[in-house]
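Count along the sequence shown starting at 1, add 700, and that's the number in the working numbering.
Think of the hints as simulated: they come from the structure by calculation, not from any bench. One should not assume that every hint holds.
To be verified - List of simulated lysine to aspartate or glutamate pairs, DMTMM-like, C-alpha gap at most 25 Å:
id: 1; residue 1: K727; residue 2: D957
id: 2; residue 1: K850; residue 2: E840
id: 3; residue 1: K732; residue 2: D721
id: 4; residue 1: K875; residue 2: D1022
id: 5; residue 1: K904; residue 2: D974
id: 6; residue 1: K702; residue 2: D1008
id: 7; residue 1: K708; residue 2: D974
id: 8; residue 1: K856; residue 2: E817
id: 9; residue 1: K859; residue 2: E846
id: 10; residue 1: K904; residue 2: E846
id: 11; residue 1: K850; residue 2: E819
id: 12; residue 1: K850; residue 2: E825
id: 13; residue 1: K761; residue 2: D864
Bear in mind that the values here come from a model prediction, so they are computed numbers and not experimental data.
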Amino acid sequence: MKITEFLKHNYRHFNAAALIDAAEGYKTHIDKGGKMMVTLAGAMSTAELGISLAEMIRQDKVQIITCTGANLEEDVFNLVAHDYYERIPNYRDLSPEEENELLARHMNRVTDTCIPEMEAMRRIEDVILEEWVKADQAGEAYFPHEFFYKILLSGKLDKSFQIDPKNSWLLEAAKKNLPIIVPGWEDSTLGNMYAGHVISGDIKDVHTVKGGIQYMMFLADWYTNNAKEDSTVGFFQIGGGIAGDFPICVVPMLHQDLQRDNVPLWGYFCQISDSTTSYGSYSGAVPNEKITWGKLGIETPKYIIESDATIVAPLVFAIVLDQ
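Kindly produce the complete structure, drawing on both the sequences and the hints.
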């Protein structure tokens, strides 16, 4: 039985039914000529979402991605150091002393998965630092994802691949030169490393890596050129935080700050989240709240799946891909 057949037979109510509705809405949006932004929060790259997301990119089911700096780099960390990762199923039971032992071995834990500092983070630092310095000395500036595209497409890392490269979503995005928005990139391991290299003088101009305001300007142009009344842009949000909050605001910015009245609202919205609507939580807000902020309209198809994105997102993608 195909995955889609199984899901449609069994997923009939509650969050299960919301998953089916959201996936069918995604397909309808794409089939009508719409484009889709996917946003990645949390640690989805370390959760190896690339296994399904890369195929979505290959089949043109995703036209633009917004992600945290962590998701940008962690897909590449996994690509070159997967064999050195360690999984700790009993992570809830670790004592402070056991956590300190992981620190001593330079194993950075993300829930049940430890990322090896030397094999992953420092290996990528060595390669990307060359590109940072080269651009800095030439007086050039690029976005964080563009530097990753440079090192991935250069072939310098090919011999270091430890997973099937078809499961790296960032590598597939690089091949298509997919636009990526990375708000708050400085809040990432490589962002910290970059700051260190600026402080130490290895990089003279802190703006060699472009920042968030320039990303918003780029997104404003991209959205204006791609969102049309008959082929709108959809918003598929995995998790919450800045990965979702930052890009969705481009629409009210275009309307309210630039006074452009011919720009359509987001044409589809879905969020996978386990955040609850309380204490002013934007990540847990129901989609209708976004109407009041000028992001979504009354008629915009809206879905929310209150569940674990590591479980839900690959299943939604499977339906979109007719698997």
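Comparing the hints with the structure gives:
no.	hint	verdict
1	K727 / D957	32 Å, violated
2	K850 / E840	14 Å, holds
3	K732 / D721	16 Å, holds
4	K875 / D1022	23 Å, holds
5	K904 / D974	42 Å, violated
6	K702 / D1008	22 Å, holds
7	K708 / D974	22 Å, holds
8	K856 / E817	19 Å, holds
9	K859 / E846	21 Å, holds
10	K904 / E846	19 Å, holds
11	K850 / E819	20 Å, holds
12	K850 / E825	13 Å, holds
13	K761 / D864	21 Å, holds
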